[in-house]
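Engineer: One-letter residues, chain by chain:
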Amino acid sequence: MSSAVNPPVAFTQDELDWVSWIDPLPEAELTERHYAGLVDRSRAKSEYFRLLVRDPEVLEARTKTDKDIFYNVADGLPRAERELAAAATSRYNGCIYCASVHARFASTYSKRRDDVQRLLDAGIKADLGERWNAVVKASVALAATPIAFGPDNIEELRRAGLDDAEIVDVINGASFFNWANRLMLSLGEPST
Amino acid sequence: MSTQDIIDTLAGIEPGSVLDAIRARRLQARENAQKSYLSLFEPIDASDVSLLERAAVAAFVTGLHGESPVAAFYREKLAASAGGAALLELIDAEIARGKTSGPYGSYPAGPLSVENTAGLIYRVSAASKPSLGARLAAVLEHAHLLVFRPRDAAAADMNVLLDAGWSTTGIVTFSQLVAFLAFQVRVVSGLRTLAAVNAHKEAAS
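Here the protein sequences line up with chains A and B, keeping their order.
Residues 1 to 192 (my numbering) are what the first sequence spells out, left to right.
Residues 1001 to 1205 (my numbering) are what the second sequence spells out, left to right.
Heads up, some of the hints might be wrong.
[Unchecked claim] DSSO-like cross-link-like pairs, simulated, lysine-lysine; straight-line CA separation at most 30 Å:
1) Lys125/A x Lys67/A
2) Lys64/A x Lys45/A
3) Lys64/A x Lys1035/B
4) Lys64/A x Lys1201/B
5) Lys67/A x Lys137/A
6) Lys67/A x Lys1035/B
7) Lys137/A x Lys1099/B
8) Lys125/A x Lys1099/B
9) Lys1129/B x Lys1077/B
10) Lys1129/B x Lys137/A
11) Lys111/A x Lys125/A
12) Lys111/A x Lys64/A
13) Lys137/A x Lys111/A
14) Lys1035/B x Lys45/A
In case anyone wonders, no lab produced these hints; they're calculated from the structure.
Take the sequences, apply the hints, and build the full model.
Structural biologist: Take a look at the structure:
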């Protein structure tokens, strides 16, 4: 919170900072209970995680949920498409910070940086090919309130080649970002 | 784990079913979605956000998503909470006042301004405010913002909550609770939809 905040005005794949609006715990005050909540000790360097660690039990459970949904690629949906679901959800909800991180991951794992950028620039209606379109559309339908996800989304994902386990990865990844977006958007703001 | 898995219960996933096996492949996520629920609703420390406040916000937030087994579950949870029965009708009335479609809201001024979408700026009814109290009224208004227009959130919202008597830690816990429910209600909806499509297929074949 030292330097001036310079909020981005467009979606980007560039790396952004995130600045808290309320006080994170100072690193010097963290106890072992807090470190358990952070899961990775290195997260003590992050203002965002030092804010969330004010409730360590919730943060620990949330972090472990997040990691398994996105990093457990022993089977199921490729990482690139889990990241696409996260990026599409963030684009639709309007979380510039979350979209930047997960668009970058989607680009890294898919090698389709231009398509990812079109999602950010043109929005959720960008034509990214059948398979990605189905993932984006399902993610957006899940993000709507009331929830608009229905049998048509399942059928589209199946036609695009996803099996039930991969569809559950889309549901988990997109749903998780309805959690993440709301924290990132409401407790602080991005800065370039 | 002694408590039954809440997502399985709400989604109607039976032990030994196809979806049970699929969820088992993400065991850490399954167990920690459950731990998230337990740490929010059966916390070891409820000093910053009371159990009644948690139940009231949960009934409101899930109710705003429309009728569902999840909304019914949290409405019952509020009814069963100490002091909750007195809040039920008030919360029901606020859900009716607050129902709309999202996400909407504004972006920082610039190229995204063309995507700004106007919508309901919900405020608790003046008649209900004295019964709800300042703390709960402030947090219901913020919960509505988190559900429908999270991109409208601003630093000033934090001051409103702090002025209404919320601690910084209370704001974190409360925000986690609303955001977690946004996740949980969607996972349940998605899994139920998938199960229904599969059941329909089986019945047809």
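Engineer: All hints are to be evaluated individually against the structure, with a verdict given for each.
Structural biologist: Against the structure, the hints:
The suggested pairing of Lys125/A with Lys67/A holds, with an alpha-carbon distance near 28 Å, which does not exceed 30 Å. For the hint pairing Lys64/A with Lys45/A, the CA-to-CA distance comes to about 19 Å; that is within 30 Å, so the pair holds. A distance of roughly 10 Å separates the Cα atoms of Lys64/A and Lys1035/B; the hinted pair therefore holds under the 30 Å criterion. About 34 Å separates the Cα atoms of Lys64/A and Lys1201/B, which puts this hinted pair outside 30 Å; it is violated.
Taken as a hint, the Lys67/A and Lys137/A pair is honoured in the structure, with Cα atoms around 23 Å apart against an allowance of 30 Å. For the hint linking Lys67/A to Lys1035/B, the alpha-carbon distance of about 14 Å falls within 30 Å, and the restraint holds. For the proposed pair Lys137/A and Lys1099/B, the alpha carbon gap of about 23 Å is at most 30 Å, so the pair holds. Distance restraint check for Lys125/A and Lys1099/B: the Cα-Cα separation of roughly 26 Å lies within the 30 Å cut-off, and the hinted pair is therefore satisfied.
As the CA atoms of Lys1129/B and Lys1077/B are separated by approximately 22 Å, the hinted pair is consistent with the 30 Å bound. With a C-alpha separation of about 39 Å, the suggested pairing of Lys1129/B with Lys137/A is violated against the 30 Å cut-off. Simply put, Lys111/A and Lys125/A have alpha-carbon atoms about 20 Å apart, close enough for the 30 Å limit, and the pair holds. For the hint linking Lys111/A to Lys64/A, the alpha-carbon distance of about 27 Å falls within 30 Å, and the restraint holds.
Taking the CA atoms of Lys137/A and Lys111/A, the gap is near 21 Å; set against the 30 Å cutoff, the hint holds. A distance of roughly 25 Å separates the Cα atoms of Lys1035/B and Lys45/A; the hinted pair therefore holds under the 30 Å criterion.
Against the hints set out earlier in the document, violations occur for numbers 4, 10.
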